[in-house]
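Could you build the full structure based on these sequences and the hints that come with them?
Chains as they are written, first to last, in this note's numbering: chain A, 29 to 453; chain B, 29 to 453; chain C, 29 to 453; chain D, 29 to 453.
Worth double-checking, as some hints may not be accurate.
Quick look at which bits of chain B chain A covers, simulated, 3 or more residues with Cβ under 8 Å [to be verified]:
1. 60 to 73
2. 108 to 116
3. 125 to 133
Please keep in mind that the hints were generated in silico from the structure rather than gathered at the bench.
In this text, a Cβ means the ideal position worked out from N, Cα and C, and glycines have one as well.
If you want the building blocks of each chain, they are given just below.
Protein chains: 4
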Amino acid sequence: MVQALNAAAAGNAETQSLATALTAVRSQSLALCEPLTVEDFGLQAVAETSPPKWHLAHTSWFFETFILKPFAADYRSWHSAFEVMFNSYYNGVGAQHPRHQRGLLSRPGVEEIMDYRAHVDRHMQALLADEGHPARDNIFQRTILGMHHEQQHQELLLTDLKYSFFQNPLYPRYSEQPLPGADDPGPWGWLDYAGGTVTVGHEGDGFCFDNEQPAHPFILAPFQLADRLVTNADYLAFMMDDGYQRPELWLADGWAHSQQAGWRHPLYWLKQDNEWLEYTLHGLQPLSLHAPVCHLSAYEADAFARWCGARLPTEFELEHALKHSPVDGQFVDSGQYHPVLTTKTPGFYGSVWEWTQSAYSPYPGYQPADGAIGEYNGKFMANQLVLKGGSCATPASHIRSSYRNFFYPPDRWQFTGLRLTRNTA
Amino acid sequence: MVQALNAAAAGNAETQSLATALTAVRSQSLALCEPLTVEDFGLQAVAETSPPKWHLAHTSWFFETFILKPFAADYRSWHSAFEVMFNSYYNGVGAQHPRHQRGLLSRPGVEEIMDYRAHVDRHMQALLADEGHPARDNIFQRTILGMHHEQQHQELLLTDLKYSFFQNPLYPRYSEQPLPGADDPGPWGWLDYAGGTVTVGHEGDGFCFDNEQPAHPFILAPFQLADRLVTNADYLAFMMDDGYQRPELWLADGWAHSQQAGWRHPLYWLKQDNEWLEYTLHGLQPLSLHAPVCHLSAYEADAFARWCGARLPTEFELEHALKHSPVDGQFVDSGQYHPVLTTKTPGFYGSVWEWTQSAYSPYPGYQPADGAIGEYNGKFMANQLVLKGGSCATPASHIRSSYRNFFYPPDRWQFTGLRLTRNTA
Amino acid sequence: MVQALNAAAAGNAETQSLATALTAVRSQSLALCEPLTVEDFGLQAVAETSPPKWHLAHTSWFFETFILKPFAADYRSWHSAFEVMFNSYYNGVGAQHPRHQRGLLSRPGVEEIMDYRAHVDRHMQALLADEGHPARDNIFQRTILGMHHEQQHQELLLTDLKYSFFQNPLYPRYSEQPLPGADDPGPWGWLDYAGGTVTVGHEGDGFCFDNEQPAHPFILAPFQLADRLVTNADYLAFMMDDGYQRPELWLADGWAHSQQAGWRHPLYWLKQDNEWLEYTLHGLQPLSLHAPVCHLSAYEADAFARWCGARLPTEFELEHALKHSPVDGQFVDSGQYHPVLTTKTPGFYGSVWEWTQSAYSPYPGYQPADGAIGEYNGKFMANQLVLKGGSCATPASHIRSSYRNFFYPPDRWQFTGLRLTRNTA
Amino acid sequence: MVQALNAAAAGNAETQSLATALTAVRSQSLALCEPLTVEDFGLQAVAETSPPKWHLAHTSWFFETFILKPFAADYRSWHSAFEVMFNSYYNGVGAQHPRHQRGLLSRPGVEEIMDYRAHVDRHMQALLADEGHPARDNIFQRTILGMHHEQQHQELLLTDLKYSFFQNPLYPRYSEQPLPGADDPGPWGWLDYAGGTVTVGHEGDGFCFDNEQPAHPFILAPFQLADRLVTNADYLAFMMDDGYQRPELWLADGWAHSQQAGWRHPLYWLKQDNEWLEYTLHGLQPLSLHAPVCHLSAYEADAFARWCGARLPTEFELEHALKHSPVDGQFVDSGQYHPVLTTKTPGFYGSVWEWTQSAYSPYPGYQPADGAIGEYNGKFMANQLVLKGGSCATPASHIRSSYRNFFYPPDRWQFTGLRLTRNTA
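Shown next, in the form of structure tokens:
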């Protein structure tokens, strides 16, 4: 699919491949909803998460708003109220339904949302087939953007649903498939990186988001990366050494947040009958000791690293390592919706998003797109940290070394873990 | 039905009538859900309101917990987790699912809740048919209590749903029936009451809640009641006279609350194109000038009364008037889920609950039931005010003169209005 | 002094006695500030409490605003900004400095506030001496009101200061005098009251606040009052019986509040080295077992009573008892700023304010004064409960049987305790 | 003084110069308090600000805790409770008095704090005079750190006091000196910087904080800096162009914060009679159009820059410019406690701290000190942005090009402004 996207140029063959790829991405959103009951589609536990139904509608709204309305001459919007209801945060488009009330939209129902998706799909296919369209290049570029946008929401659909399900004492299972166990990876080793002047950011012709550009030179000091992710067993040792009770291990904001929130373990962990369990999309499971630790905030990841005498990597260090590693690992395509691989060298990708200590900031010379679509990434460049590498909920075709995911330091509902880093002595 | 309930004594005929009455009440809960989509059943906009599905389950839980479990020897509970999930506030029973998260229970689904109801109904009918049961009297009494309890939740189901629907910019209609207009009732007149020593509280054999007892003597000073409810037109005059901007009209707590909440009109009013609209269960409607004003907090009702040079009645004054008035008015049985009648003399009941200035307090000698069921009313006797008379969402068979409804002064999502009162000069 | 106030009619002798009484009340405010450092005068720990300096200024503002400005022809206000800075809550007068920021008024300094007081005093004395003033009656009445107002603030000055001092780990002593111990009063006995129709509210010519009128008949059922206050030893028994952990003993709002606030003991109690201490205005002291329990919220008082199988009295019951009891007990005049007497029969007054279960509501026919001064009492008749009898911080000349003090159920920083009550079997 | 500090080596002459410099810094703290009344010393308007008295005590606590207690054999601490009361945030030392309650410490009084300071000073001088002390080097280093620490609190003392004074409707003047007007600097010009590989961080022997190290190479793209600060006139143009109402100009978090806080102008601006005024430490003043705009959050600074088609600089860009500019500008030594100079080239320092877009992060290879003193800087490296150049409240001897100040993006109570930056075309 990546190839299809990347190849999307001006000929007929490319049209077909883009149209096909679009269909594939759109179908995948529906496939992910297979296990849901009608009631599940409306769940929204907190403002940061959105109901499955809303994700399905919003991704359609994206195509409608940024492609069909401006470029499809005869296009009639499905419902005028959707413009506000399914706008996420584009002030340039107009007002937005309050974010924390997305779960209160029982109408339109799931069925109508499905009809809405089909309506948008039909019109998108027609537009892509219009070879003489004067804005054909722009349409293609935005279509590709819309597909990557939809893939991002596929990941959020899973992480948001997990958070909502966790509020239910029945601990519903999203997947009935059993999760494989993880073998003991043994102690981590250190991989040496010589540093020097490297290129940061996306190079080449393939798709990337605007925040990955421009590519630019950057000086790295020599550093070492652990050859595997931190595991639950590693993290338990930190907990048993009173890691959550020792302020000297924590950033000041992290300590304050942790104390106020009463954190004592990662999100989704439960202790029953003196045994640690973890809620997963495959139901409540005994904690898998050798699986990657997951659902950590950046504060916890940082405190753990400090406890190890190590630190979090910068985004530049991780990007450098990812660039020289195959895009291989546990992605959503595996059908295992929980991290089980510790990504021993050389696979640096997948399983969990790896927290970095780098603020999500513009690259030197960064230029967002004009108009409302420019709100996609740039306006979030404050107070968030970069994460790298993709997770078990990320489509394999969606990730690359220069990809910059970003969340706030206290966020824990994504599949977030860490890889230790240290300065070369 | 009231007769059925009240007559419920020890004979076979009574068993049949109670069993029949129970079926009627239980069926009415389902009938009220006819207009709902599956998604609607899960809506919960704020902690104070509950999803329709939860109301259906909780009322069944009540029969299960207080009758079937203690008295039906062979009874097996439907699902052990329901004990916590559908417990409202009975600490004596055990823990409760967090109130503000009732809307996150997508599982069990609507279908299973319906099965649960049928299961409870079957066992209840069997138990009622067991003429030799040693606890037959207690079973009968608790069954009658459970039926009144269910009726209360029928009213809440409507008011809660209205509140949730109102968050949706599509303003869904619960009922497609048109609302009749209200005729101009003309200015209100004053009805004279001589006061003296009266009896307050429930007398006679019929059912009442524990908070209506014991009946006791009370001295009323002479007073006057308006012969009709306050209308929207009356209230608009208050608004146009800057009623919401004049602190001298307000109780101190009311003024603080109103300022903080930004109140400028009753709940559910909207101004569009310079015209006042009101959201009703029959959809968005032009404000009906001569209909009773509704969805007022006690603070607004009090400020309005003060602006008129009048005051809110005490619960004792209103009870005295209700006692000498037929139980006649606009109830939920009308199929009109919005107040349209101003209840001109002598009908004092229905349309809107009338705020009183009386704190919801125990009567002298008040004694709650023993055990968890004693939590039904007594523990709420703090910070709330009594309301009288029933509303357009109350079953006609549910109301009586001694009935004491209670809400917090700032609450506005019930069908709440007022009748002016003043001291006899 | 009470006699002086009550006698204040139109002759020269009365002028002298009122002028003298005014001087006495005003001097007492300063006398209470003797132990304070300059820095202490500015302390305000929370919005509900005010700094000593502010109390001194506000009570002067009261005379200035309601007497000197309207009636003293040549009066020039001390500083125009004081009108806002020292207005407590009189919307009819105008805007108010934000309540929670009274402690930020380092300017004017203490010295200027003292000058301001002297300025107001001089003008008040001159006005009272003006025998031919056309508004002489009104001036006298408002002066007497101002004196009672100042006495209320004298009590608040102490309770507010205590609350602020308690935030300081040095636990400052307001008084260096030792507190006497309390003898074991033995178990409480029950006093029988026959009930019947009694008069509630203030009768006779002496001063009372508007909320004590009009006097009116009221029917009391027979009841019993404990012959002493609840002691710390009594309350400890409740605590040791898990009183704070048993929801069945609590009002629903009380339980929710207590859980959220983490209450486990009365305000000002501390456990050090396994011993209970209590912070008092005489410094940190070992808990005096036989002294009255104090600094309880109404919720705690109610839960304790329920645990005893008793209840809180109504205000009508307590008033009835107080009316037939001498005004005798531990008042501020004792120089002991902490309750030490359990007020065995027949002294029902002083030591601690006794919580009642009665909402602070208007008496039938209640009429507040016209204008801003009418805001004194009436607008607070919502959400508060009545307390009776006065405390160790109340001036003896300030209290009477019909006196209605009022605070919110969760409030704990006043000297508040309880006396058990029960229905006559 | 800087020379004295920097020269502080091992000989007698150096001892004298360090002792003298210490006395100078300590005296300056007192000199800054000259205009205060006793009541002013206790003011704390919000948790982020501290009372003057607390600053005086805490800076003494720093010497006591990190030098006298570990190194002065015979030292007896002034008061054991001070260890907690005046600990700011050093968890390694122990517990801390709650930050938001520093203003409630009326005891110890100002006089005792002055005695405490003298006590610490006497012991510090004795310790510095002990030429044979085995830890002499460490003592010298920590003394120098303590002096820089005290200078930081001198600046905070002024900015915190300003914030507290602003809550007083009398708008107290800290200084009676008139402020000079600012001449129209004309439109800003652009200074070109070629970029390339530069050194970031502190080099050489002089004092620096640990967060300025290690110096390391960094690649700068070519950029341009405005040759002067943004003025009030510049900022008014943004306001009049609806800058506060246009979300497209704002970072998402900035827009949300600004809307929630109701920002419409910089902190301390007031409009009276249609004229803009600004509260300054010299009292309420007409807004000086050509003075630097001040008391902006980073969000406002960023939005303004975006409106200009420019951006905020990175800390690396500003440091590069500062490094090649004399340390010259308006500092606290001027006796003008409000920015009046727009710092035309080549003076890049002083007047206002300049916001950068750079997150306050560790330099590659950053190593905090061991023990509690290591909490000084490192644990704050989250969620804050770097500011450069010093302000009118900064001592001239305190600033240098590598100096990294840091505050949260929404903070406005420091003297914070901005200089425009853009990429070289």
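So, going through the hints one by one against the coordinates:
Closer than 8 Å: that is the beta-carbon criterion, and the segment 60 to 73 of chain B has 8 residues meeting it against chain A, so the requirement of 3 holds. With 3 residues having a beta carbon nearer than 8 Å to a beta carbon of chain A, the segment 108 to 116 of chain B meets the requirement of three or more and the stated coverage holds. Requiring three or more residues with a Cβ within less than 8 Å of a Cβ of chain A, the coverage given for the segment 125 to 133 of chain B holds, as 5 such residues are present.
Figure legend: structure checked against the earlier numbered hints; every hint is met.
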